[in-house]
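We have chain A already, so just place chains Y, C and Z on it with the hints.
Number of protein chains: 4
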Amino acid sequence: MPPAHPFDDDKLKEECGIFGVVGVADAANFVALGLHALQHRGQEAGGIVVHDSDAGFNSARRFGYVRDNFTSHKVMETLPGPIGIGHVRYSTAGTKGATAIRDVQPFFGEFAMGGAAIAHNGNITNADSLRKELIERGSIFQSSSDSECIIHLMARSMQRNIPDRMEDALRRVEGAFSVVAMTRTKLIGVRDPLGVRPLVLGKLGDGYALSSETCALDIVGAEFVREIKPGEMVVITEKGVESHFPFRPAKSRFCIFEHVYFSRPDSILGGRSVYETRENIGRELAKENPVEADLVCPVPDSGTPAAIGYSLESGIPYAMGIIRNQYMGRTFIEPTEQIRNMGVRLKLNVNRALIRGKRVILVDDSVVRGTTSRKIKEMILDAGAAEVHFRIASPPTAWPCFYGVDTPQREKLLAATMSEDEMRDHLGVDSLKFISLDGLYRAVGEAKGRDPSAPAYCDACFSGEYPVEPADMLDKGFKMKTAAE
Amino acid sequence: MPPAHPFDDDKLKEECGIFGVVGVADAANFVALGLHALQHRGQEAGGIVVHDSDAGFNSARRFGYVRDNFTSHKVMETLPGPIGIGHVRYSTAGTKGATAIRDVQPFFGEFAMGGAAIAHNGNITNADSLRKELIERGSIFQSSSDSECIIHLMARSMQRNIPDRMEDALRRVEGAFSVVAMTRTKLIGVRDPLGVRPLVLGKLGDGYALSSETCALDIVGAEFVREIKPGEMVVITEKGVESHFPFRPAKSRFCIFEHVYFSRPDSILGGRSVYETRENIGRELAKENPVEADLVCPVPDSGTPAAIGYSLESGIPYAMGIIRNQYMGRTFIEPTEQIRNMGVRLKLNVNRALIRGKRVILVDDSVVRGTTSRKIKEMILDAGAAEVHFRIASPPTAWPCFYGVDTPQREKLLAATMSEDEMRDHLGVDSLKFISLDGLYRAVGEAKGRDPSAPAYCDACFSGEYPVEPADMLDKGFKMKTAAE
Amino acid sequence: MPPAHPFDDDKLKEECGIFGVVGVADAANFVALGLHALQHRGQEAGGIVVHDSDAGFNSARRFGYVRDNFTSHKVMETLPGPIGIGHVRYSTAGTKGATAIRDVQPFFGEFAMGGAAIAHNGNITNADSLRKELIERGSIFQSSSDSECIIHLMARSMQRNIPDRMEDALRRVEGAFSVVAMTRTKLIGVRDPLGVRPLVLGKLGDGYALSSETCALDIVGAEFVREIKPGEMVVITEKGVESHFPFRPAKSRFCIFEHVYFSRPDSILGGRSVYETRENIGRELAKENPVEADLVCPVPDSGTPAAIGYSLESGIPYAMGIIRNQYMGRTFIEPTEQIRNMGVRLKLNVNRALIRGKRVILVDDSVVRGTTSRKIKEMILDAGAAEVHFRIASPPTAWPCFYGVDTPQREKLLAATMSEDEMRDHLGVDSLKFISLDGLYRAVGEAKGRDPSAPAYCDACFSGEYPVEPADMLDKGFKMKTAAE
Amino acid sequence: MPPAHPFDDDKLKEECGIFGVVGVADAANFVALGLHALQHRGQEAGGIVVHDSDAGFNSARRFGYVRDNFTSHKVMETLPGPIGIGHVRYSTAGTKGATAIRDVQPFFGEFAMGGAAIAHNGNITNADSLRKELIERGSIFQSSSDSECIIHLMARSMQRNIPDRMEDALRRVEGAFSVVAMTRTKLIGVRDPLGVRPLVLGKLGDGYALSSETCALDIVGAEFVREIKPGEMVVITEKGVESHFPFRPAKSRFCIFEHVYFSRPDSILGGRSVYETRENIGRELAKENPVEADLVCPVPDSGTPAAIGYSLESGIPYAMGIIRNQYMGRTFIEPTEQIRNMGVRLKLNVNRALIRGKRVILVDDSVVRGTTSRKIKEMILDAGAAEVHFRIASPPTAWPCFYGVDTPQREKLLAATMSEDEMRDHLGVDSLKFISLDGLYRAVGEAKGRDPSAPAYCDACFSGEYPVEPADMLDKGFKMKTAAE
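So the protein sequences, as listed, match chains A, Y, C and Z.
Just so we're aligned: 334 in the numbering used here is position 334 of the first sequence, and the numbers increase by one with no gaps anywhere.
Just so we're on the same page, the numbering used here is the position in the second sequence counted from 1, plus 1000.
Just so we're on the same page, the numbering used here is the position in the third sequence counted from 1, plus 2000.
Just so we're on the same page, the numbering used here is the position in the fourth sequence counted from 1, plus 3000.
Where hints are given, some of them may not hold.
Claimed, not checked - Here's a subset of chain C near chain Z, in silico, CB distances under 7 Å, partners left out: (1) Phe2030; (2) Ala2032; (3) Gly2064; (4) Asn2069; (5) Pro2080; (6) Met2158; (7) Lys2203; (8) Asp2218; (9) Pro2265; (10) Ile2268; (11) Tyr2275; (12) Tyr2327; (13) Val2344; (14) Arg2345; (15) Asn2349; (16) Lys2476.
What the hints contain is simulated information worked out from the structure, not anything from laboratory work.
We put the CB at the ideal spot given by N, CA and C, even for glycine.
Isolated chain A (complex conformation):
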């Protein structure tokens, strides 16, 4: 399974992508395509559940890429019917080993009034206590996934239909979640009250689609209708879309990192292409942190739009100083005569003839552990660059995310333990500058920057201000930001 980004191991990782359709022939084929377009949100495994009036519910769950698992007739023929949902996911700690296929969503439950399946993007912050309570009452968990709580809560609800049971269940759940679910005939979409994770609605022929991002609507030829609203539940049948707001109203806090890195550049967020927002981020970064140089080079591929923006704003020529290997993937066996930085060479090569003697601005989307930034700097200097200036398209990542993003523990985050100057010295570059939090807010369209009293986004990874209390993590000893910090 080759990763999508050369330095996946030193990136924050979105943990899930979700997709569902109703009212079309061969729903599974559409779901497979949609998940393929969302593969960047979860590369480890994927699953599809469908329903057909003759064949009932069917599902397939596999490790690996959508393109490797859901493209054969042999598999897809086992997934008939006009309604289906799917899920792609990253692995997270604690799910290694022989039983992990059980952790692959969608989860399915047979209730007294019929079956339902759900796929979940996000993280339930009170999952540990919910799970404990459910086991004591006789529920048998099949996975180590927090998301399984939802289906057990639904099984035990006294409501008479599945959407009502789902409301019941989700009202007990805390945290950030976007959910796509299905019964035999209904496609259901929900976002948590803060709307932390994305979910969009599309019109697909005579039917409908729900997706984490609009890029997956494009691949199936669906028309983008609108974003599901924070706190909204939509219940979709072949006849149309019903909208409910079952939760207590709250101010929206969408994840700002979706703009920076998670979403695909061709998706639309807030009415604008993510690519343009990232170009804007590059422009803001150039305004805030100018420097004299000969070339602006992206760290491929995630730094590319911001590097283009930086070049456009600064007038310094944009160039591909680092070339990514199109065929990266496996770990090769290192020869006895060891090769310096072999891991990086497998992924990238510096354009030596271009870089030699130049002052180079390197634009990257973020610094997490800093390990790959150091290696890239070394390659650039080995190739004979005169100066190296890092410009980062996000503020320092100093706090872990508890809302569905795989982040290292806080002490592993470079920005949690060092000042900007210390980071610059640690990386050994001529300068290192991050965009400011206000600059980032301006780039995403908040002309006045961040309102500290009511921020428009969840920016906990930068600010340490968590809009939902991470209850399970506090139980495990996590320390929130203090007044002094």
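The following block gives chains Y, C and Z in isolation, referenced to the frame of chain A:
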């Protein structure tokens, strides 16, 4: 096996990459890395042969990517020794079916004085007659590959050592070839007298490496020493490099399309990075064919450097109007409710929010059949572009290549049957312009453009002037350019 | 997956084999060996669960043979610990499709006081109503297996330890069952009050083993201690074996077909080798149904011991008139010029030179549908036999089994629709005779034959007298034997 | 790949089976079935070559069983046409490693007048010198197989058609061989002048078949016509069979071990079923070596017919004292608490309840190294047998075979280093007796036993009298039997 380029099926394809090392521990691991860096030159199959004084010659040949076949300890442990060569290849017509693994190089022959293996990049233009003669004399061919002639000619040579037998054999061979070969102790590299295909020498620790391109020297940490000269044979042992010139001298005619498309942008050709040359091509293209527009967008990924050059020269902003799916690969099953241009959607998505209402210049490296150019144009117009202008970083491709490149038959080449205006109308774009042949020569460093009496490159695919007579093809009815054309 | 018997598709099939060990290093390796020896009881899939104080519970479930799934270090290393249980199974109707791996036992549940796994041989005759009740109360079933009811009943029990919860659960269950279960430290074995399915106890080094048959004790080098008694529950720790009798006492009704066909000939049942019992059956058959002939030939391999017994009793020479292909397995593609009875030829070949002109007695274990008996008769006659006499080592199979054996629907059983003479004519043989039910009882050691008022065995498949009411089947319309029949 | 016989590692092994058909639709499907029936003659790999007037020659070669490789439509569709040949083989020393698929027959050569393929059963005793000569003349060998010499000799022959080239080639070859070959339209069969290895002719619909044994004719529904004669070449087209005798006439020396072990019991050799011959061997053995005992038990499965014969002659009851596991195959991981003789337990189990206290005669087909005989004796004694008497259905195997049978080096043959009494003590049994060479000749139909001046069979493995000088082996230091021995 996902392809490297989204439109591999509508590109000219380099058919091979070759790599060899001597004088290092674990030669096979270096060869695997080198082949990985050359994967863009041949994605269908790869093979490695090594020699060890205890284990003798060993080989492995596999369909698929280097990263999937030559990264496991199980395989690599079967390939011990300090000397080895490898080959990656595309398939060509006529080799489909169950026996095709026999066509995967390197080829190996056991001679009276010991074994030898060879890997060949290029095409032997008199292979059919050589093969016929050899079979009549009792040679048994194991493959459908023309390259196998070389090893049979070597087997029948009366010379007493293998390099001499190889000279004997190659003097009988016509066409374009770069060869990497090995005996138990010697690594041998040869280029044909015109030097049509590339081959470079590197210093790797205490040993040496030969490679199609310098990017493969970079990945193994080898220092680029020089290009092998046209008509040169180098015989390399752990002690050093001997140089011979066994062929009649001739004027160099290096393949100009290596600059346009085949070579990797981070390789060095003629002392300059291929990336810079392509940026130059874009600049020349902008000078020759300016147009008013809002955005310059590459057709990813091969059009990117020329698009950057076009933007720099023209001052029109560069933007990623088309986003490539990082996970492309398999063919998905199309739903019954068919999706318009599904094949293209799997590979690319238009950045709709960016393109809408804009006048867009699309820069691509070449037009072969024109099928994908049409589809891309449709996607761009569907997304609401106001105008679409194609700019092509090479002259019209009007003639097939017979020197180791997979080209459609002449009548399938769009430029063989249409004028530039006819092509524009066929593609349905607002304008279509190609760089001139002189412009291309200037971009690769020939300040005066092309010298028609003695061109510095092989440009037969554009000019129809073939520097070596394609004997076998003429036998099969191919018509050369007439004086009238 | 080649079948064990050439005519598995026309046999009654035991649906499961179970095995467990405690108090040994590498429990999983012993379990794998034990399951391998029990493979004839279930060839479709197998699973192993183990517990280790460091690694917790681990499991692996796979389709296919034990030897193909549980022999690699890669798999077995994921199964550490000193206690483990395993299960092999046949598929049954209704479990086809993508989710069926979920039906592979052992089943596992995490309870408030810790985890438990169970493996079940038999059939729960009130499973449908139990399942309905459990779903209404909020249990989520993961499989289509009736056995899963047990673990949900355990999850909902109010008892404080797992053996007590298991008693609770099994008291609600009707039908035939032998169960092997485990907690972190305890190995548990149970047989239903009638003791329909087998279960034996062995001493393995310092630990213990439970197994469906003694042949699996032999393979791991365990000493056969005794059979678990009908209605007994044993709770085994490293310290020893505790015995309980939680159910209301009942008269034993062991499955008589285990003697005829299911159990391996080297297993011990009732103190005697199954092989000898089958030889006895052959002797009884010869006494009851003598005929003049030249040769006694078994239908391989299941008819062999009875054929030997028939030969010994009758004095007619025993010979291998039908040779079984050792490599049978897949379905070959039939040529256009069709081959008569190709399916049978793949499995068997008649020893033509031996059979020609002879009067042949063919001994088989049972007649189910009769389809293969006809084909074998044809092959024997094609080879030139003078006469064919069928002798069957069991009474006519006229009723389906509902206690863990895969039987065709009643109307597919030849003996349910025809008299013995009609069957003879249908099969087209010179004579056809079955052993009498009394003869069978004598052969298994009941000197007086069957006591109609209190039969010592379950013989429902022959007699239609079901010792446990098949509640779910009656709900589905099955008709019990009437007084008139 | 599970072996056919439980103790393949301690048996002489036939190295090949060959099969061919002409004049039928879908030749490959018939060849696959024929090879399946010959699988016991070669379990490691198999290959099929066919010819079709449209598709030309096609081939597939695979490691593993016929049933696993040649049963899918995907593979068989690549093998069209009305003529085809096939081969199954054992591996032999020296062919391990990555290139060994090249050693899998049939071999194919493209000659000036068209292609031909050959499949060879036997061994060329002057292969080393032929190979050396061919390489010096410029032939390139693709395999390590001696059989490849034949195709190179054919390629260099000056004859104008392929059957004549084949005669030319085979006249240069020494040793034992049966060959099946094909051109585009002709099926060719040849046996060496002594007729050491078998080959039979069958009529298959409107076409013909050639096969190593008659059992493969049975499976495809072909009628057995006759054996190919020693020294005969048949050239078969759709029109009929031409017979030639290209070699100098010689007295037939058919391999006597085919009767003892290699051939399948349902094949016909010399007009009688192999099963009956083996039963005869058992009877002779009983006459020559009677002993008082309670049971005659075969070592399964190869000892079975002789054990039945021994029982019939002696009147001592026949019984299955040793039960073979139907699912044997892989090597299981041995637990830390090691299991005594685990290797044997995986394959066999003693019928303990039957054997206890009995005097047992064990009948086996041969003793090679003696390693498994010892283990079986131990298992029988562990089970409580009172006495163990070994009776062997062949004379002591004291000499290696050089005619296409895989034999250990002479010093590894138990009978090469010990007398019968020493072997008895070494094995630790109460008695050990072999059939005499005369007895064996009588059993196969030579009423007067062996004629020492002109033996009717090749019995070199027992007598050390080699009918063809093993030239290559003498070069490697093998010592022939001296007058004194």
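Which earlier hints turn out false for this structure, listed by number in ascending order? 3, 4, 5, 6, 7, 13, 16
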